Structure formats: C-alpha cells, structure tokens
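*Asks:* Sequence:
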Amino acid sequence: PAGNSVVQMWRTIPLRPKANVGPFVRGEFTVTAGVANAVKQATQLITVWDQYFWSEPFAKQLGAQVDANPNLFLLIVLPPFGTTVSQYELWYRRRALQALAQSLRPPSLRRVRVMNMWSAALGTGVYVHAKCQTYDENLLVCGSANMNRRSTECDAELDCAVLDTSVVRTHLANLYACLTGQPWSQFTPGWLHDYWAGMAGKTAQTLIPGPFWARVQNPQTPNG
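If you count by our numbering, then the sequence shown holds residues 222 to 445, one letter each, in order.
Hints are computed from structural coordinates only; laboratory data are not their basis. Here the structure is a predicted model, which is why all the values come from computation and not from measurement. Glycine residues also receive a C-beta, built at the ideal position from the N, C-alpha and C atoms. Check the hints yourself; a few may be wrong.
Stated by the list, open to error - Label pairs and their computed distance ranges (CB to CB):
no.	residue 1	residue 2	range
1	306	415	32 to 42 Å
2	421	386	21 to 31 Å
3	227	261	12 to 22 Å
Please build the complete structure, drawing on both the sequences and the hints.
*Replies:* Rendered as structure tokens:
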C-alpha cells in the first residue's frame, strides 16, 4: 500500500512435465489473460511497443476490437528487425501483421498504424527492446513479456500492470516528446485521437511505416 496506483503483477509460468508439487503445477498465464482482458475493454487508443510482435492470436484480437469499436485507434511501434537472422524474425512478424489486417474491414484499416523506429539523422534503424502497451488512458503494461508465443506460453515472464491515468498520461507524453521533440500537454476529452494523429504527423525523423503493413512486395529499409 503505497502511492495512488492500482498495480498487478502478471506472470507466465510455463507448464513443466515433471512439476507435480508446489503452486505452479498447472503453470500461470496471467500475462495472456491480462492482456486479452485489457484489449477487450479498450475503446479509444491502444499502443503497442514490442521487440517481437509475432503473436497471431494477439493480432487477431486487436483487429477484432478495432473493427468492433469505430472510435478505437491502434499504434504499433517495432524495430526494423531485432535479430541477426532477420529473415526468420520478419517472417513471423509478417504473419502476425497479415492476421491483424485480415481481421479488419477496409474502413477500420485507416485507424491502425504500424511503424518502425528509425533515426533519419543516422540513416539507421533504432532497436525497440520495449515490451509495453497502453490501453486508453487507463492502463500501462510493461515488463519482460513480448507479444509472441515464447513469452506467453514457454518462458518465465513478469509484467507490471499499472491502473493509473496519471501514469499513463505521463508515459505517453514522454514518448511523444522523445519522438517529436515537442511537449504534449493536451489532456482534454478526445485527446488520445489527437495524440495518435500527432504521432503520425510529427515523427518523420524517428518513425517510418512498417513495410509489411503497407503490403510492399519486396520490403526494404530506407538505407537498403
């Protein structure tokens, strides 16, 4: 009992064939359950910053939620690639993004942006190591779990879910300042939609469209 935030710790404790005693005989999958519940309740803006956006179930749920809520916007920020064997990693990412796109009717696609972090000054990609989401201005989730099967089923992971509007607002404002070089101080009703638009219109030096989302046949980063 400290501060004003309501906080839960969400975990992935995988099933182990030989585990027959103790509190985790059946594992624990509250990362998956918590994220699924948060997506289901979002109505304005979901942001996802992730190292490995590979989860097709997560992508499908995001698409279904956006499609069912005409005022819900989605921003996904990923690294251009994150491993030394990029063709395998990007194959998984492409599958997840295709699952997201196929879950959306054409009008809903306009409310989704998938971006890669980029340094225009250096002409190189920026490695997004984050595993973080926000849901409306209510919930911030961050920790060790990526949105892939390894983190939601196979590895031991720990996420911190913070239910506190002031924390979410501060977090999003800090991200905006980092990527645009300008402060964000507007928190009037409907501000999350303006935030989504601002993150698109003022980040030409720090974000580039994800090529798989744009359906490029032979995607290339700007520096080849």
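*Asks:* Next, verify each hint and record whether it holds.
*Replies:* Here's how the hints hold up against the structure:
1. 306 / 415: 32 to 42 Å: holds (39 Å)
2. 421 / 386: 21 to 31 Å: holds (23 Å)
3. 227 / 261: 12 to 22 Å: holds (18 Å)
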